[in-house]
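K.L.:
The primary structure of each chain is shown beneath.
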Amino acid sequence: MSLMDFSFIPIILSLKVAFAAVIIVTCTSIPLAGLMAKREFLGKDVVESIITLPLVLPPSVIGFMLLFVFGKNGPVGKLLEQWFHTRIVFTLAGAVVAAAVVALPLMYQSVKVAMENVDPNLEKAARTLGAKELRIFFTITLPLAWNGIVAGLVLAFARSLGEFGATLMIAGNIPGKTQTMPLAIYFANESGDTRQASILVIIMTVFSFMVIYGLNRWGKGSQKDRKGGGDHA
Amino acid sequence: MELLVDIQKKLLGFELDVSFEADKNILGLLGASGSGKSMTLRCIAGIDTPDQGRIVLNGRTLFDSKKGINLPCRKRKLSYLFQNYALFPNMTVEENIGFGIGDKNRKDRLAIISEKVKLIQLEGLEKRYPNQLSGGQQQRVALARALAVEPEALLLDEPFSALDDYLRGQMVKHLTENLSDYQGVTLFVTHNMDEVYRICHKLVVLSTGKIEAKGRKEDVFKSPPTLIAAQLTGCKNLSQAKYISPFELEALEWGVRLKTGCKISNQIKNVGVHAHLLEVARDEKEDNVFKCWPKSTSETPSRTIVYLLTKSDKQEQDHYTLQWEITKQTWLKLKNKPQPWYLKINLNDLIIF
Numbered sequence: 001m002s003l004m005d006f007s008f009i010p011i012i013l014s015l016k017v018a019f020a021a022v023i024i025v026t027c028t029s030i031p032l033a034g035l036m037a038k039r040e041f042l043g044k045d046v047v048e049s050i051i052t053l054p055l056v057l058p059p060s061v062i063g064f065m066l067l068f069v070f071g072k073n074g075p076v077g078k079l080l081e082q083w084f085h086t087r088i089v090f091t092l093a094g095a096v097v098a099a100a101v102v103a104l105p106l107m108y109q110s111v112k113v114a115m116e117n118v119d120p121n122l123e124k125a126a127r128t129l130g131a132k133e134l135r136i137f138f139t140i141t142l143p144l145a146w147n148g149i150v151a152g153l154v155l156a157f158a159r160s161l162g163e164f165g166a167t168l169m170i171a172g173n174i175p176g177k178t179q180t181m182p183l184a185i186y187f188a189n190e191s192g193d194t195r196q197a198s199i200l201v202i203i204m205t206v207f208s209f210m211v212i213y214g215l216n217r218w219g220k221g222s223q224k225d226r227k228g229g230g231d232h233a
Numbered sequence: 001m002e003l004l005v006d007i008q009k010k011l012l013g014f015e016l017d018v019s020f021e022a023d024k025n026i027l028g029l030l031g032a033s034g035s036g037k038s039m040t041l042r043c044i045a046g047i048d049t050p051d052q053g054r055i056v057l058n059g060r061t062l063f064d065s066k067k068g069i070n071l072p073c074r075k076r077k078l079s080y081l082f083q084n085y086a087l088f089p090n091m092t093v094e095e096n097i098g099f100g101i102g103d104k105n106r107k108d109r110l111a112i113i114s115e116k117v118k119l120i121q122l123e124g125l126e127k128r129y130p131n132q133l134s135g136g137q138q139q140r141v142a143l144a145r146a147l148a149v150e151p152e153a154l155l156l157d158e159p160f161s162a163l164d165d166y167l168r169g170q171m172v173k174h175l176t177e178n179l180s181d182y183q184g185v186t187l188f189v190t191h192n193m194d195e196v197y198r199i200c201h202k203l204v205v206l207s208t209g210k211i212e213a214k215g216r217k218e219d220v221f222k223s224p225p226t227l228i229a230a231q232l233t234g235c236k237n238l239s240q241a242k243y244i245s246p247f248e249l250e251a252l253e254w255g256v257r258l259k260t261g262c263k264i265s266n267q268i269k270n271v272g273v274h275a276h277l278l279e280v281a282r283d284e285k286e287d288n289v290f291k292c293w294p295k296s297t298s299e300t301p302s303r304t305i306v307y308l309l310t311k312s313d314k315q316e317q318d319h320y321t322l323q324w325e326i327t328k329q330t331w332l333k334l335k336n337k338p339q340p341w342y343l344k345i346n347l348n349d350l351i352i353f
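Which chain is which? The protein sequence lines are A and B, in order.
For the first sequence, position 148 (counting from the first letter as 1) is numbered 148 according to the UniProt record's numbering, and the numbering increases by one without interruption.
For the second sequence, position 197 (counting from the first letter as 1) is numbered 197 according to the UniProt record's numbering, and the numbering increases by one without interruption.
Do not rely on the hints blindly, as some may be mistaken.
Below are the DSBU-like pairs computed for lysine-lysine, each with C-alpha atoms no more than 30 angstroms apart in a straight line [to be verified]:
hint : chain 1 : residue 1 : chain 2 : residue 2
1    : B       : K344      : B       : K328
2    : B       : K242      : A       : K124
3    : A       : K44       : B       : K10
4    : B       : K328      : A       : K124
5    : B       : K10       : A       : K124
6    : A       : K44       : B       : K9
7    : B       : K67       : B       : K10
8    : B       : K242      : B       : K259
9    : B       : K77       : B       : K10
10   : B       : K328      : B       : K173
11   : A       : K124      : B       : K107
12   : A       : K124      : B       : K173
13   : B       : K9        : A       : K124
14   : B       : K202      : A       : K124
15   : B       : K9        : A       : K38
16   : B       : K344      : B       : K285
17   : A       : K124      : B       : K24
18   : B       : K210      : A       : K124
19   : B       : K9        : B       : K24
20   : B       : K285      : A       : K38
21   : B       : K333      : B       : K236
22   : B       : K173      : B       : K222
23   : A       : K132      : B       : K9
24   : B       : K77       : A       : K132
25   : A       : K132      : B       : K24
Computed beta-carbon distance windows for the label pairs [what the hints assert, rightly or not]:
hint : chain 1 : residue 1 : chain 2 : residue 2 : range
26   : A       : P58       : B       : T61       : 57 to 63 angstroms
27   : A       : I50       : B       : G59       : 47 to 53 angstroms
28   : A       : L215      : B       : N131      : 50 to 56 angstroms
29   : A       : K177      : B       : K107      : 55 to 61 angstroms
30   : B       : E150      : A       : K16       : 51 to 57 angstroms
31   : A       : H85       : B       : K75       : 48 to 54 angstroms
32   : A       : L53       : B       : T61       : 46 to 52 angstroms
Because the hints were derived from the structure by calculation, they are not lab data.
No residue lacks a Cβ here, since even glycine has one placed at the ideal position from N, Cα and C.
Go ahead and model the full structure; you've got the sequences and the hints to work with.
P.N.:
Printed below as a string of structure tokens:
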């Protein structure tokens, strides 16, 4: 066997899925976190629980639910079929949806905690200085929650890259089309192609290690900055 | 320039109920922590909402519970100086100062910023971030930022509490200078009577949400109308009083009869005198002279506080009837004099209410 037999396609597919999922997650989790960290409303705890649910649910349950919603006869699946003549079951888009759903709570939690830690007096001060809420959000809350946003991004990316169960159920395992790295590892191993499996395992492990190591180092660094400067207090 | 405040708000454990007016002379709100003074300021700023009442600034109604008016913070045109300054840590000094300057072109903005930087004497530090400044510098930036929006009212919430004593003295002086040109209403909240006396012209004394005294600072400090006002303005010697005649009373806890400078009513309850206003009597037969024995002393770097007993037989531990604050020199001269000592309270130094 030579290196030529090794298929890079799962890696490329995985990266595509992860990037797309992270974009979706970023666009939803930041406004969501802002809302949840700074506003009080009826049923807030329920919303909070629903967002966090994918963190604790078995992947098969998530996959089942996604199939129910996005399937041929599901509420969203039907609309997609009727309006756009498209479907996401057994496509890469399905893998993106699965990855986004499981990665959302990770990024959401990280961003929300960071936003809650922004001194509310800063926002109040901005308000007395005549700033509107949107300006306060973009010039004060968001920049000061930056650490949490970056950490959330990295975690969400890593989680998207590793998504297996829900992806298998909604996107299937179509080599060259929906077969991402975790799926490729599983099926390569099943079919006895240990070489393909082990190369992918090494890539995934090294990457995951770098993510965690990098986050830890970076977290320590920014902590030192804050201590050294005495902050604004 | 005029601010009218008349608000009520239910707080934990008590109800805030204050009403006062302020003009361009600095008005101090003096009260112990938890007296509702900061909450009053927050209600005026629009950070918190009163349950009932009215707030009117220069004829503009900021809040009126009856008419259902509650202007948002950003439309109230007032600045709030927070206790911890609340400088934006992600912005430089000049960005902080420029944050609230509205729709002006770049040139005007920069002009205002540089004018304010000059006012607070931080030229050369415009590009620094708040965490690269000392506490005093941060406070000045916060003041400059508050003034840059040309507020109709400036609300100062314990602006000196985060500074050490040495810096505090300097900053009080700075603040008075920086505010001398400011034409709007200024409210200054503090629990420190020295600061309030140095900075303000008029004074409102607050305790558990109620106003205990208001008026010119000299009047409030000289003749506080209630026991709590007397305590908060630093009167150390307070006693229950009994009416004897229109010009005489008995201070029950001190066991002394005292003549008064003005006519008193038979409703009086308390009498007080500031610790630094006791004097050594020249002649023991004068009015308001009484015998006393020093019980113990306590020293500050420059002054000595002598704890006095007015009866020689009272020997309980920790008990004293009067505090007398004198300079160290006076104490050194006095301490070996034969006892009892004869001290005098001037008629006009008595605080009676």
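K.L.:
Give a verdict on every hint.
P.N.:
We went through each hint and held it up to the structure:
A threshold of 30 angstroms between alpha carbons decides the hint, and for B:K344 with B:K328 the separation of about 19 angstroms falls inside it, so the pair holds. Simply put, B:K242 and A:K124 have alpha-carbon atoms about 51 angstroms apart, too far for the 30 angstroms limit, and the pair is violated. Note on A:K44 and B:K10: the hinted pairing holds, with a Cα-Cα distance of about 26 angstroms set against a maximum of 30 angstroms. For the proposed pair B:K328 and A:K124, the alpha carbon gap of about 48 angstroms is over 30 angstroms, so the pair is violated.
A threshold of 30 angstroms between alpha carbons decides the hint, and for B:K10 with A:K124 the separation of about 21 angstroms falls inside it, so the pair holds. For the suggested pair A:K44 and B:K9, the alpha carbons sit about 27 angstroms apart, so the restraint of at most 30 angstroms is met. Distance check on the hinted pair: B:K67 and B:K10 sit about 20 angstroms apart at the alpha-carbon level, within 30 angstroms; holds. For the given pair, B:K242 sits about 12 angstroms from B:K259 by alpha-carbon distance, which is consistent with the 30 angstroms threshold.
Note on B:K77 and B:K10: the hinted pairing holds, with a Cα-Cα distance of about 26 angstroms set against a maximum of 30 angstroms. As the CA atoms of B:K328 and B:K173 are separated by approximately 27 angstroms, the hinted pair is consistent with the 30 angstroms bound. A C-alpha spacing of about 28 angstroms is found between A:K124 and B:K107, which places the hinted pair at or below 30 angstroms, so the restraint holds. Of the supplied pair hints, the one linking A:K124 and B:K173 holds, its CA atoms being roughly 27 angstroms apart against a limit of 30 angstroms.
Proposed proximity of B:K9 and A:K124 is supported: the alpha carbons are some 20 angstroms apart, at most 30 angstroms. Restraint check for B:K202 and A:K124: satisfied, since their Cα atoms lie roughly 28 angstroms apart, inside the 30 angstroms limit. Taking the CA atoms of B:K9 and A:K38, the gap is near 23 angstroms; set against the 30 angstroms cutoff, the hint holds. For the proposed pair B:K344 and B:K285, the alpha carbon gap of about 10 angstroms is at most 30 angstroms, so the pair holds.
For the hint pairing A:K124 with B:K24, the CA-to-CA distance comes to about 25 angstroms; that is within 30 angstroms, so the pair holds. With a C-alpha separation of about 26 angstroms, the suggested pairing of B:K210 with A:K124 holds against the 30 angstroms cut-off. Taking the CA atoms of B:K9 and B:K24, the gap is about 26 angstroms. The hint holds against a cut of 30 angstroms. Distance hint between B:K285 and A:K38 is unfulfilled; the C-alpha atoms sit about 71 angstroms from each other, more than 30 angstroms.
With a CA separation close to 23 angstroms, the supplied pair B:K333 and B:K236 stays within the 30 angstroms bound. For the hint linking B:K173 to B:K222, the alpha-carbon distance of about 23 angstroms falls within 30 angstroms, and the restraint holds. For the given pair, A:K132 sits about 26 angstroms from B:K9 by alpha-carbon distance, which is consistent with the 30 angstroms threshold. Proximity of B:K77 to A:K132 is assessed by CA-CA distance (about 13 angstroms); at most 30 angstroms being required, the pair is judged to hold.
The suggested pairing of A:K132 with B:K24 holds, with an alpha-carbon distance near 28 angstroms, which does not exceed 30 angstroms. Roughly 58 angstroms separates the CB atoms of A:P58 and B:T61, a value that falls within the hinted 57 to 63 angstroms. A beta carbon spacing of about 49 angstroms between A:I50 and B:G59 agrees with the range 47 to 53 angstroms that was offered as a hint. Between A:L215 and B:N131 the CB atoms are about 24 angstroms apart, so this pair departs from the stated range of 50 to 56 angstroms.
Checked against the hint of 55 to 61 angstroms, the pair A:K177 and B:K107 passes, with Cβ atoms roughly 59 angstroms apart. Distance hint check: the CB atoms of B:E150 and A:K16 are about 54 angstroms apart, consistent with the given range 51 to 57 angstroms. About 50 angstroms separates the C-beta atoms of A:H85 and B:K75, a value consistent with the hinted range of 48 to 54 angstroms. For the pair A:L53 and B:T61, the supplied restraint of 46 to 52 angstroms holds, since their beta-carbon distance comes to about 47 angstroms.
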